[in-house]
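Asks: One line per chain: the protein sequences are G and A, in this order. According to our numbering, the stretch in the first sequence is residues 1071 to 1179, in order. According to our numbering, the stretch in the second sequence is residues 155 to 268, in order.
Among these hints, one or two may not hold up.
Said to hold, decoys possible - Have a look at the derived ranges for each label pair, beta carbon to beta carbon:
1. A/268 to G/1121: 43 to 51 Å
2. G/1085 to A/218: 43 to 51 Å
3. G/1086 to A/181: 41 to 49 Å
4. G/1127 to A/239: 37 to 45 Å
5. A/268 to G/1080: 27 to 35 Å
6. A/168 to G/1127: 47 to 55 Å
7. A/162 to G/1130: 33 to 41 Å
8. A/251 to G/1171: 19 to 27 Å
9. A/214 to G/1111: 20 to 28 Å
10. A/168 to G/1123: 50 to 58 Å
Bear in mind the hints are in silico, worked out from the structure with no lab data behind them. In this text, a Cβ means the ideal position worked out from N, Cα and C, and glycines have one as well.
Read off the chains here:
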Amino acid sequence: TQLLEQSPQFLSIQEGENLTVYCNSSSVFSSLQWYRQEPGEGPVLLVTVVTGGEVKKLKRLTFQFGDARKDSSLHITAAQPGDTGLYLCAGAGTYKYIFGTGTRLKVLA
Amino acid sequence: EPEVTQTPSHQVTQMGQEVILRCVPISNHLYFYWYRQILGQKVEFLVSFYNNEISEKSEIFDDQFSVERPDGSNFTLKIRSTKLEDSAMYFCASNDPGQGYEQYFGPGTRLTVT
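Whole structure, please, built from the sequences with the hints as guidance.
Replies: Shown next as structure tokens:
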């Protein structure tokens, strides 16, 4: 069974701080997606990483795919209250996507 | 920008009743998915569908569940006899692996079984 564990589960930080969210698995994925989800809404795709060691940047967000394609990280620089939300990683399996356990981020003004 | 749509946004039903949740995937996508998310829990894969048949299903997707693509645009999830524990957000998603790994989600249907 493919599982994705995210850490931390909850994170509350002050505006301007940096943070890193981790997504780990014992399985290899062909690609990994990061989503952000607001309460009562569907996940919104942030980025897809495909190649081992790949780094992608989306403004203040930096995503990295592990060399072995089993793990990924999301780093946010100078967090803002607008970054508050549930961050989900999802690994592409055969005909399905396996979602991580989620990291709930709260950025305080 | 094309998007996945879902109806209804909220469905309330009594235990034992049948419900049909509807989705319109992005028009040129070929793979369709249903996921569910119980309040406060992770997003769980239910089923994937390609070329008018189920590609993969999870252990959650038992005989009470079925999916159908009744026409060229809609993709439905039917729950035959709802249980209290079926209460959740149900998300539809679609993608075209030939265009990349990105999977796009609809806004979800909140199903409340009373």
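Asks: Each hint: holds or not?
Replies: Hints versus structure:
A hinted range of 43 to 51 Å for the beta carbons of residue 268 of chain A and residue 1121 of chain G is consistent with their spacing of about 48 Å. A hinted range of 43 to 51 Å holds for the C-beta pair residue 1085 of chain G and residue 218 of chain A, which are about 47 Å apart. For the hinted restraint 41 to 49 Å between residue 1086 of chain G and residue 181 of chain A, the CB-CB distance of approximately 43 Å keeps it satisfied. A C-beta distance of roughly 41 Å is found between residue 1127 of chain G and residue 239 of chain A, which places it inside the suggested range of 37 to 45 Å.
Against the hinted window of 27 to 35 Å, the Cβ-Cβ separation of residue 268 of chain A and residue 1080 of chain G comes to about 31 Å, which satisfies the hint. For residue 168 of chain A paired with residue 1127 of chain G, a C-beta distance near 50 Å keeps the hint of 47 to 55 Å intact. As the Cβ distance of residue 162 of chain A to residue 1130 of chain G is approximately 36 Å, the hint placing it in 33 to 41 Å holds. The hint said 19 to 27 Å for the Cβ distance between residue 251 of chain A and residue 1171 of chain G, and at roughly 25 Å that hint holds.
Checked against the given bound of 20 to 28 Å, the beta carbons of residue 214 of chain A and residue 1111 of chain G, roughly 22 Å apart, stay inside it. The given range of 50 to 58 Å is respected by residue 168 of chain A and residue 1123 of chain G, whose C-beta atoms sit roughly 53 Å from each other.
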